[in-house]
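Novice: So you can see what is in the structure, the chains are spelled out below.
Number of protein chains: 2
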Amino acid sequence: MEIKIQKRVLEANETQAQKNRQYFNDQNVFVMNMMSSPGSGKTQTLCKTLTKLMPALRVGVIVGDICTSNDADRLAVTGVKVTQINTDQFGGDCHLGASLILNSAQALDCRDLDLLIVENIGNLVCPAEFDIGEDVRVVVLSVTEGEDKPLKYPLMFRVADAAILNKIDLLPYLDFDAPLAVENMKTVHPQLPVFELSAKTGAGFDPWIEWIRIKVFEKTGR
Amino acid sequence: MEIKIQKRVLEANETQAQKNRQYFNDQNVFVMNMMSSPGSGKTQTLCKTLTKLMPALRVGVIVGDICTSNDADRLAVTGVKVTQINTDQFGGDCHLGASLILNSAQALDCRDLDLLIVENIGNLVCPAEFDIGEDVRVVVLSVTEGEDKPLKYPLMFRVADAAILNKIDLLPYLDFDAPLAVENMKTVHPQLPVFELSAKTGAGFDPWIEWIRIKVFEKTGR
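From first to last, the protein sequence lines are chains D and P. Be aware that the first sequence starts at 1, since it is given in the numbering used here, and climbs by one per residue. Be aware that the second sequence starts at 1, since it is given in the numbering used here, and climbs by one per residue.
These aren't lab readings, by the way, just hints derived from the structure by calculation. It cannot be assumed that every hint is accurate.
Identical copies carry no separate label here, and so any pair may be met within one copy or between two of them.
What the hints assert, rightly or not - With a straight-line cut-off of 30 angstroms between C-alpha atoms, the simulated DSS-like cross-links for lysine-lysine are: (1) Lys186 with Lys200; (2) Lys7 with Lys52; (3) Lys219 with Lys19; (4) Lys215 with Lys186; (5) Lys7 with Lys19; (6) Lys52 with Lys219; (7) Lys81 with Lys186; (8) Lys52 with Lys186; (9) Lys81 with Lys7; (10) Lys186 with Lys219; (11) Lys200 with Lys52.
One chain only, chain D, in its complex shape (with noise of 0.2 angstroms):
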């Protein structure tokens, strides 16, 4: 029975993901689904990516939590337009729904974003079956949490257009084999690009920096 409910959720979902979709061609911006575990490094990843596309792509993010505004208010430091959904108020969802994600685009005012960044609540699990009506999905897997993740949370990784291998500047201190982790990975979805790099230190991020610009320029000629 849980099944069957899950599914018409799902549907639902899907029509409202296909409207948002309109939209965001309709506005020609491009539109990244940032999804992890808690505590993988997607808001510390995200300052730093923004520091590194703006000016240059006008950029605009949704952050997606059950409560709290802290990942929010660490990304407007960054001068980027953001908004914060909190899902407390909605049941205390565990994944940002299509439904969710239109008010906060219109919000935003697309049509002088090139970029718009979700920043997905913390869950390898459900966000990766709920469309929200993006361009990709990048989904962030820190060092810390085990080479075996790809294998365990498969459909994450299936669903995902690339990955970051976030905090590399801790493998000195783990018994974390990421050659490994990067095979799990491939094992799940072959073609995923897998971007290694550390939030903190800024280590690796050029080829991620320029992952991005050739998708929005792709899809917005900007």
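With the hints as your guide, set chain P onto chain D.
Specialist: Same frame as chain D, but now just chain P:
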């Protein structure tokens, strides 16, 4: 609409959880539900915990994952009776529902157990909403995840009976304020006992082991 559907799912779960609780009481077994984000170190914490509790206590473990039997394989090395639930055959569920638990518990033959531990699916959101008929809930947070997680995912810390702050061996290499993390937990749940430990080195385990022993004795007399 989505919130209404969630309520129906939760009500059905609650009914089954009451049946589970009756079964566990009839068998006089103490049940502990362990929850956390992916990669916080639940399995390694459990392995070390088991070696300290057994054979004085007779322990069984139910491990939940969407895919793989990696965690059950790691736990089996300790000699514990372990059974794996994979939710991919149930729609890839992001939590262990009460209905999945009873069959697995019966397969383990709880009459021969003092303590049944459920290692839930790695997810700091959804498992907190699903009562499985357990006696206590324990949340594991690792020091790599950031101090603000109790404020951002308050339900998990509110429903917990104890919290573990894991991977304290990594503190010298992180900008992590452990007292602030504990303070944030207490903001959400003032009476929450917090055990700071390292599943890797074994530091800090004694008070945690003592807490379990007292809890098991209080219910079972063993």
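Novice: Looking back at the hints listed earlier, which ones does the structure fail to meet?
Specialist: Violated hints (numbers, rising): 2, 7, 9; every other hint is consistent with the structure.
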